Amino acid sequence: MFDYHALAPELILGITLLAAIAVDLVVPERLKYLVGVTALLGLVAAALPLITLAACSGIAGCAATGPRVLFGGSYVVDDFALVLKGLFIVSGVISLLLSVGYLESDDYYQGEFYFLLLASVTGAVIMASARDLITIFVGLELVSAPAFLLAGWRKGDRRSNEASLKFFLTGVLSAAVMLFGMSLVYGLTGNITFAGIAQAITAFGLQSEPALVLAVVFVIVGFAFKISAVPFHFWAPDTYEGAPTPVAAYLSVGSKAAGFVGLLTICYQAFAPVRSIWGPILWVVAALSMTVGNLIALRQTNVVRLLGYSSIAHGGFILVPFAMAALYDQAGLADAFFGSITYVLFYAFLNLGAFAAVIAVVHKVGSTEITDWGGLNRYAPGLAALVTVFFFGLAGVPPLAGWFPKFVMFRAVLGVFESPWAIALAVIAAVNAVIALVYYAGVVKRVYMDNVPVNAPVDRVAGRRLAPSLVLALAITAAATVIFGFFPQLLAFFGDVTRAFVAAP
Amino acid sequence: MTHLLLAYAGEAAHEVAQLSDGGTLARYAWLIPVVPLVAMFAIVFVGKRLPMKGWELAEAAMAFVAVYGVVLLIANASTGISYESSVEIARIGSYVIEWGWVVDGLSIMMYAVVGVVGLAVFTYAKGYMEGDVRFTWFFAAFTMFAGAMLVLVSAANMIQLIVGWELVGLASYLLIGHYWEDHENNAAATKAFLTNKIADVGLFVGVIIIGVTVGSFRFDAVLGAVADGNSALARVAFWAGLAIFIGAMGKSAQFPFHVWLPDAMAGPTPVSSLMHAATMVTAGVYLLGRMFPLFQTEGFATDVKAIIIVVGAITLFATGLIALVQDDIKKVLAYSTLSQLGYMTVAMGAGAYTAGLFHLFTHAFFKGLLFLCAGSVIHAVHSNNMSDMGGLRKSMPWTFRTFVIGSLALAGIFPLAGFWSKDEILASVQFDASGSGGAIASVVLVVAIAGAFVTAFYMARAVYLTFFGEYQGHAHPHESPRVMTYPLIGLGALSIVAGFANVPGVYEGFTRWLAARPFSMGDHHFESINYALAGIGLAVALAGVALGTRLWYRDAATQRERDRFRVPVLYPLLEHKYYIDDFYLRGVIEPIKGPIARFVDWTNTNLIDAVVNGFGGVARLAARFVYGGLDQRVIDLAINAVAGGTSEAGEALRHTTTGRVQQYAGALFAGAVLLVVGFLIFT
Amino acid sequence: MIINQFLVLAALLFSIGIYGVLVRRNAVLVLLSIELMLTAVNINLVAFGSYIQDTLRSGQVFALFVITVAAAEVGIGLAIVVLVFRNRASANVDELDLMRW
Amino acid sequence: MDWGNWFSDANNVVFLVVALVMVAASVRVVTSPNVVHSALMLVIALAGAAGLFLMLGAEFVAWTLVLVYIGAVIVLFLFGIMITRAPTGRDPGRLDHARRWPAAVVALGTFVTIATVTTLAFEDRPVSGAVTSGGDLGEVLFNRYVIPFEAVSFVLLAALIGGIVLARKDPER
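Protein chains in written order, with the numbering used here: chain L, 1 to 505; chain F, 1 to 683; chain C, 1 to 101; chain S, 1 to 173.
Just so you know, these hints were derived from the structure itself, not from any lab. Just so you know, these numbers come straight off a predicted model, no measurement behind them. Among the hints, a few may not be true.
Stated by the list, open to error - List of simulated lysine-lysine pairs, DSS-like, C-alpha gap at most 30 Å:
{"hint": "1", "chain 1": "L", "residue 1": "Lys445", "chain 2": "L", "residue 2": "Lys32"}
{"hint": "2", "chain 1": "L", "residue 1": "Lys32", "chain 2": "S", "residue 2": "Lys169"}
{"hint": "3", "chain 1": "F", "residue 1": "Lys191", "chain 2": "L", "residue 2": "Lys445"}
{"hint": "4", "chain 1": "L", "residue 1": "Lys364", "chain 2": "F", "residue 2": "Lys394"}
{"hint": "5", "chain 1": "F", "residue 1": "Lys394", "chain 2": "L", "residue 2": "Lys445"}
{"hint": "6", "chain 1": "L", "residue 1": "Lys32", "chain 2": "F", "residue 2": "Lys53"}
{"hint": "7", "chain 1": "L", "residue 1": "Lys364", "chain 2": "L", "residue 2": "Lys445"}
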């Protein structure tokens, strides 16, 4: 029968989903936040089995140690899966905390919102363990489908409508392309489990098969869309800008991380024998993402849009270790894998923090236009400091947490610095790191050095108090940004344990 | 106290000497970077509530560092100290990231310099910043600035060095932009930050290449690999060394990364003082010193030294000339700092570890002093421009005396500090020219001697224009309060005596202090003073002073009038219409139609002037060209073009996001198909 | 029956779908075109399933999942289209340009 | 390959006919000036696909396609068309962009790439029409693929709940 312990997080999340609907049906309008509380409790409860699974060998009555392989290799609960599940749950919790105050401040449907957010997190949690094409596809759809709807949650706002429709159409389209690729993978290898695909590629000698190139690229497109890598990125800035800001935060972290999980598992496992195919392709995508994302971000006047483009660029940084995969030895490959995962982990806290700060500032200032943020530190010095922490953190200024993942990324790519391609990519990444600093510092500069704009709607909203949940989210992310900057090992440890993923073929 | 049997790194001590591990003193040296950083947080949180608004915390922290540094220096002078300790904070696979502190000759020297100069500057800043609206904030950032530099200096590994390095950059950004109400200061802060960041890319790449090759980021592991002749490191040493030098060029403002430093004058004067003397700009030279064996050991990055020496020589001469035409007194000093950093870089490029760092040591005192004096003057006359000054020697006697001491030290006049250190650099370059440096070093030697002349020349100008003649400003100048003059006197005294720390053949203490490191530096030490070169150096410096006196020691109605050359031979050809007329009038028309007597008279009264002015004019014209033509146009243009180009590219690219979802879809398909087709074609 | 005849048909349907996605202005019609593409995927999956003679029936199961997910997507898509239409009285995708650059 | 042999198989003739009908219907889906016609043409294309599935022995998939798509999805589409009052007359200019040629080039390029690459990979290897029983499929579905099965049920639930929220008209707004 099933290993219920291994499936406990998913089961708890599933039950919570149903419970959320039930709560939503029975509570009156003014108590709808209880649905959010239910979702929050469910997420926390789902995190508990992660701990017991991680510590399993020491628990009486828990026989299995090491990876738990379920359903004939379709579903695997290993350290990698546990770490990523943890990340998804944490980012889900923070996204929920960001949402509560935001939803109550205006006339939104609350109960359904929490339900959909939870459903999306559940999809991501499933993806972390998915080791076959069907499960990962369905998991991805469970991440995306609620997100399409959430992007349109500000029903009366045409921008939100647009955001939703654009996101939906490009999303479904990229899913179709990805499915076409998956069908070819299935046809060529006769397998849908990642392990089976990898074996079949070697056994049938498909390494230089053009059809496999097509299949690999098409599959990558599906995930590249999710991580908004150039040239599959166009939806991201529009959607971030139009969608409710907490949704944008979730899209840029939870949903994006889910895309990376798909990319990591498929590339490093199913397509492990054809690193020479996806390596160069992701080289191009990484270089383009960093450059295009950063250059366009330079010219943005809206801070959410700016974060949208910066998130594209960060996606590129995360892809950098992938790019040289063809040249790595086994240890180097583990380093590259670790590099990407670590970047995702750090970036999650930094970016959620940045969005939390944006939500808080918008609450005070009433605008996402950067010019309206001028002189923020005169009337909200605490928020100004938080903006500084997160934006400089994203820029990678030590000792804030952002420096460490960049360092790991550079080390991974320079691990094969004999290759001119590695040097070229490192230089591109380095130049982009500098460019990124310009626009992050630009926002900080406005916050501290500009005057309060005369016509800003500041006076109208300046006195508003922040929701306690938002303050909690800010506290968590700010603490993470500072503490993980000084003690990166606390977080990098989780990246470290995932190395085994690469070692196991 | 356990003693380590380690060979003294230097050539000076031929015998195998004992190095001490420093005992308790070294084990608690981690306090040196930590105390200022703790003080910074304390100032941020409680500073405003304290009676002196946080200044006392900053001062106490710097006093602690100064005392600790000096005590270490004394201990090191008696028995060389070499101690190192690290605490692991993170681990990437087999790579360990650590927090460590190094207590050896090099770092002790830096602790002492940062502490002593910092203490003087912090004391002075109390008076200078009095009444500033962001007084507390200033001292928080200022303490962080010093603390970050100490983090950098104490780093036992390259990662920590980068952390300190970036923190210094961040603190300088905050401090340069302190008067952010003025837009120009913002721009200056941003420019400094970005120029540094671009160069930092080099450091980053270099550090990672070395770290990956050696398998550790610790300095002792890296230098150990150099000592063992690690072949993997030898293969990449050139590129790694070059990358690291690029990083050093950014912080130490070497050509063409020097552009940020003059603009960085926008910050309050104490910031400039600390930045130019002890922190920030010395970081690059310090880094080269820390990594010195990599550049010096045969088979490693020795080829980079040729680049280093050339870059240093260009910097020292080109920027020295520019100092000649500046009106802003702080800019004169800023360009002079660039020039002196050029000397230090030249020394490093010539393989003269001790000489380069000795100049860093002496320069810290007199440049810190000069900036504080300039601040005192600016404080008094409410203007940075020398055209608004003049005649201040009467109203500001202490500032005048100390400024003259600093200027003479900088100009390299015997027996002040600058004389000894500059002479040692010249001697090292000469030694290099006779050895591996070859022709390049010979040329550099000439450039360096010419630079000594220029240095004396522009400092003479600064002294005469500021303190002599008639006062031209509007405010009523007065001597600064004692909290400001005492630091001047202290630094003035150090500027006089610091040079005696290393007199070849007489007292070589500094050489021994610096040599207290576990790995051989392999640089050359002189057994005695090179009298010939010392004579030449002193002669050109005196010539510079003399020429300056001839040109600027005179009274005139306005400062502009005083700051003027009369060059009847060169200017007509090149510059000003007025001078063309003048030339015709006095050089051609009058002699022809006037009597012979007038011609003889003219010759008598003007020929010497013409020669003198002509010589000065050449220098001045060259300076004009370098400043107006090269520095302001070409380099600024290049930087602006890069910045503008990036921005334009962003603007163009941004229009690819058309808002039309079907174009997004088209891009998605086209991207996918192009990736496939491109891959199939190219492989 | 050979595998290639199904593959060519699927490629054709997929490309026709792409054409439709790119030229149709009405969001509902774009969605219809995407359905064509998914049909192409299903043909591929089922044909490959038969070709491989997969005992796990992965191809057919995959096709079932694709069909189900596509149905859900159509529901979501139409809800969004209705929402957009209500606010701007048009379902044309090329008029969605409030946000760009 | 031997076209004579290929044609002698009755299955292939049926395939050819069905495929031609599907392609023709698909082309109409993307070119028809009438939205309702487009939707109905999709029905034909899908029916053709169901026919192909039957030929390949995938009976359960075929009937699911018919039930889910033709029974439900198309009806949904028609509702969508009516609610959004998409133009149903004969006016292609309002339904299509002027940029047909670039789109056709992209589509053609995609087709050539996919078709070339895939047909070269598989050549003319045969496929069997052996029937898969629904029981077999169910067995696999509820054992091996139970996780995606549950997940897909949540996708549908989310689509349902979220769809209602987005599509309903809020009385107070």
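Which of the numbered hints above does this structure break?
The structure conflicts with hints 1, 4, 5 and 6, although it agrees with all the remaining ones.
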